[in-house]
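Visitor: Chains A and B are the protein sequences, given in the same order. FYI, this note's numbering numbers position 506 of the first sequence as 618, with every residue one higher than the one before it. FYI, this note's numbering numbers position 132 of the second sequence as 722, with every residue one higher than the one before it.
Just so you know, the hints here were simulated from the structure itself, not pulled from any lab data. Here the structure is a predicted model, which means the values were calculated and not measured. Beta carbons: idealized from backbone N, C-alpha and C, even for Gly. Just to be clear, a hint being listed does not mean it is correct.
[Stated by the list, open to error] Restricting the straight-line Cα-Cα distance to at most 27 Å, the calculated cross-link-like pairs of lysine-lysine (DSS-like) are:
hint, chain 1, residue 1, chain 2, residue 2
1, A, K235, B, K775
2, A, K354, B, K768
3, B, K761, A, K304
4, A, K263, A, K333
5, B, K754, A, K235
6, A, K354, B, K656
7, B, K701, A, K304
8, B, K656, A, K235
9, A, K635, B, K761
10, A, K304, A, K263
11, B, K754, A, K540
[Unchecked claim] The following label-pair restraints were derived from C-beta to C-beta distances:
hint, chain 1, residue 1, chain 2, residue 2, range
12, A, F287, B, E725, 51 to 59 Å
13, B, E725, A, F593, 24 to 32 Å
14, B, K761, A, L318, 54 to 62 Å
[To be verified] Just so you have them, the derived chain A footprint on chain B, three or more residues with Cβ under 8 Å:
hint, segment
15, 624–634
16, 637–643
17, 725–736
18, 748–757
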Amino acid sequence: MSTISAPCIRKSTVGILSASVFLIFAGQASAVDRTIVAKNGMVVAGHPLAVESGIRALRAGGTACDAAIATAATLSVMMPDMMGPAGSGFALLWDAKKKDLSAIDYDGVAPKATNAAQYTLEKKLRGFWAPTVPANLKGWEAVHRKCGKLKWASLWEDAIGYAETGRPLDFDGAFHIRRHVTELGIYDGWNKEFLVNGNAPAVGALQIRKDLAATYRLFAKMGSKALYGGSVGDKLVAYMQKNGGLISKEDLLAYKVIWRKPIETNYRGHKVYGTPPPSAAVTWMQMLNVLEGYDLKALKHNSFEYLNTMVEVSKHAYMDSYKYVADPAFVNIPIEKMLSKDYAVEIRQRIAAGRFDMKTVKQASLDLPSKTATSHMSVIDRWGNAVSMTNTLGNFWGSGIVVEGTGLLLSNGMDWFDIDENVWTGEKPGNLVMAPGKRNRWTLAPGMLFKNDKLYMVVGGAGAESTMYGIAQPIVNMIDFDMDAFAAVSAPRVIWGDTYHYTGGTEVHLQPGIPEDIRARMKAAGHNVPDIGKNRNVAAGTTNVIVIDPASGTYSGAAARQGRDFVSGY
Amino acid sequence: MRNCVSALLAAACLACASFAASGQGTPLKAQLPVLVTSSGQSLDGFTAKTLLTRAGVANEYKALAKVADLDKVKTLVIAFGASVKGFGAAGVTADTELARTRDLLAAAREKKIRVIGMHIGGAERRTGLSKEIVELVAPASEWLIVWDDGNADGYFTKLAAEKKIPLTLIKQPLESGKILAAAFK
Chain A
113 MSTISAPCIR KSTVGILSAS VFLIFAGQAS AVDRTIVAKN GMVVAGHPLA
163 VESGIRALRA GGTACDAAIA TAATLSVMMP DMMGPAGSGF ALLWDAKKKD
213 LSAIDYDGVA PKATNAAQYT LEKKLRGFWA PTVPANLKGW EAVHRKCGKL
263 KWASLWEDAI GYAETGRPLD FDGAFHIRRH VTELGIYDGW NKEFLVNGNA
313 PAVGALQIRK DLAATYRLFA KMGSKALYGG SVGDKLVAYM QKNGGLISKE
363 DLLAYKVIWR KPIETNYRGH KVYGTPPPSA AVTWMQMLNV LEGYDLKALK
413 HNSFEYLNTM VEVSKHAYMD SYKYVADPAF VNIPIEKMLS KDYAVEIRQR
463 IAAGRFDMKT VKQASLDLPS KTATSHMSVI DRWGNAVSMT NTLGNFWGSG
513 IVVEGTGLLL SNGMDWFDID ENVWTGEKPG NLVMAPGKRN RWTLAPGMLF
563 KNDKLYMVVG GAGAESTMYG IAQPIVNMID FDMDAFAAVS APRVIWGDTY
613 HYTGGTEVHL QPGIPEDIRA RMKAAGHNVP DIGKNRNVAA GTTNVIVIDP
663 ASGTYSGAAA RQGRDFVSGY
Chain B
591 MRNCVSALLA AACLACASFA ASGQGTPLKA QLPVLVTSSG QSLDGFTAKT
641 LLTRAGVANE YKALAKVADL DKVKTLVIAF GASVKGFGAA GVTADTELAR
691 TRDLLAAARE KKIRVIGMHI GGAERRTGLS KEIVELVAPA SEWLIVWDDG
741 NADGYFTKLA AEKKIPLTLI KQPLESGKIL AAAFK
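Same shape as in the complex, but just chain A (with noise of 0.2 Å):
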């Protein structure tokens, strides 16, 4: 097994984001933007540093794991926000060679002492009661173990520098963390790590974590064992135990990453991949099975009847989502009906006959003016392995809970348990409902498209429900209407209903960028169109892709124009 070199730059690097951000490593020019083309190897992801990271491990021999881990070992200082190694995951990784296509669920379980019944709103989203057992680290480590090439420690030697050295607090870390004073601050432990003198710094701060770089250090030199079994995860169970938290040594010991089938459709001669439940893949992959029963391109991309299609079909895409995606090992998910071709003539005939039977409506707030709570990567090294990977700490910076002597930020995939009335069903709560050791629904979604038995695309997206809306559109945009990837990706959407995963909604946000003739037209025919600006909805879904040009094989990625993803390759 090779090494990677360390970084020659790594204690002056700046994180100044701009739409083109060119770093110098090692005599080797990488240029990171929002749409490259390479030929030998890509890595889309949410911070420069992170994205080279990536490619600093394909340069050195690594695959596409390799990168994907670097990746997300850096990202995970550089957004720390978004997601982390005790966060939740899904992935999917193509062996090139094998010609063997893997989907991994990396989700995190409620802990054996979950009791739904002593929940409540703020327990479940905040606190430490929020968090689910740790499982990145965990998925990271079964991912590198199956495909990966270069030393495990090796891939952790970035990650280790800017936690030691310093984060550079750009404009997007310094405002989500300026955000959740009021609301995070209370909680000792990210008041320390985040905070200084109880406020937020400023654009261009220099954040230190040296309890961070510690833990990667063990993380580097021991694997998940540190966590699971180690000193880390004592250092976790006697947090929790101080302050009342659920999470305990059984639980970290217990738990397991879970290799799955992934789900599979067809859409106009493409095969289409994604992640099974909890994973919502199988929300994108529904959509696009019901609208291959659509000429699209007669209707004309974003013209009125086009969203009007795209809306119908979105929406009882959704409610299945909500009332059959969960954990199969507790409820039955009827996957292969929903991917079926005869449930999509169903669901056409009802669209045509107007039939739409949602239980509930109800409407959230609006004015949350960020852009995604979750990280997606879409990698490919020069042998044509691939890795679709989706990373997430839930909300906004998890449950908030920084683990005392650790930096280890925890997820609040509780949250994402239902306590209460299920919208879409009625049921209270339905298949959501929290359970002891019950890996809860993500709207994390990656994916893969192949064409003639080749890889063709590596797609993904964040953005809580308008991730699944984010991926299905630029698909549609490249198949049907022949966009190149960063069109495709960048393209005003329409989604329907409110953001979140409790609340359906029946607001139709269409991006700006579509006509006003089209919207007045929208809202003519009886939609529910709020002014621009003026949504609910506020989530754009950040996607990000990578095309394999069948003829020369280059590697076209892209990140959408309006989100926090970025592109390199060389």
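Given the coordinates of chain A, assemble chain B onto it according to the supplied hints.
Guide: For chain B alone, coordinates are given in the frame of chain A:
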């Protein structure tokens, strides 16, 4: 002329703020029992409850407090400003939240319960539904404790001057607990 008036009003409010924050006293005296609630269902109410408890003031916290909960209450603290995440409870919508807040304020007025408004969520809690909530709660408060991040446009300064509501502008939202607690001592 308008600038002069604004400057005087701002100075008066700042004087009020420094008076409260310096520990020399508070703009009003509050009595126990105190009920902390939210208008807008952000977690700012939970933060207010936590900080008040840490400052040694026993309090009851009900995010969705109703008029019936005001029985025997002498002081009502309302942390106001909306957050989408709080609208998960069954039956809670923007309309029901505004109606509940209106009812609470009316009942508090009738029962002569002191109403202290806390806007500690910053700029985040000024737009959208928050705007309606701010415009409902702020003018009805007898004392406003506001993180200055949410007062960049001077809304609270102007309102406090016009309505003669004591205003304490704070630099850190986490200071709010001690400032509020001082009113109960």
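Visitor: Confirm or reject each hint.
Guide: Checked hints:
About 30 Å separates the Cα atoms of K235/A and K775/B, which puts this hinted pair outside 27 Å; it is violated. For a cut-off of 27 Å, the pair hint linking K354/A to K768/B stands: about 25 Å separates their Cα positions. With a CA separation close to 18 Å, the supplied pair K761/B and K304/A stays within the 27 Å bound. A C-alpha spacing of about 10 Å is found between K263/A and K333/A, which places the hinted pair at or below 27 Å, so the restraint holds.
Restraint check for K754/B and K235/A: not satisfied, since their Cα atoms lie roughly 38 Å apart, outside the 27 Å limit. Proposed proximity of K354/A and K656/B is contradicted: the alpha carbons are some 34 Å apart, above 27 Å. The straight-line distance between the Cα atoms of K701/B and K304/A is roughly 42 Å, outside the 27 Å bound, and the hint therefore fails. For the hint pairing K656/B with K235/A, the CA-to-CA distance comes to about 21 Å; that is within 27 Å, so the pair holds.
Simply put, K635/A and K761/B have alpha-carbon atoms about 44 Å apart, too far for the 27 Å limit, and the pair is violated. Among the hinted pairs, K304/A with K263/A is inconsistent with the structure: their alpha-carbon atoms are about 33 Å apart, more than 27 Å. At most 27 Å may separate the alpha-carbon atoms for a hinted pair to count; K754/B and K540/A exceed this at roughly 47 Å. One distance hint, 51 to 59 Å for the beta-carbon pair F287/A and E725/B, is violated here, with the actual separation near 26 Å.
Distance hint check for E725/B and F593/A: the Cβ-Cβ separation is about 45 Å, which falls outside the suggested range of 24 to 32 Å. Checked against the hint of 54 to 62 Å, the pair K761/B and L318/A fails, with Cβ atoms roughly 23 Å apart. Chain A is given as covering the segment 624–634 of chain B, and this holds because 5 residues of the stretch bring a CB closer than 8 Å to a CB of that chain, at least three being needed. Here's how the segment 637–643 of chain B fares: 3 of its residues keep a CB closer than 8 Å to some CB of chain A, so the rule of at least three is met and the hint holds.
Residues of the segment 725–736 of chain B lying with their CB closer than 8 Å to a CB of chain A number 0, which falls below the three-residue condition for coverage. Check on the segment 748–757 of chain B: 0 of its residues sit with their Cβ under 8 Å from a Cβ of chain A, so the three-residue criterion for coverage is violated.
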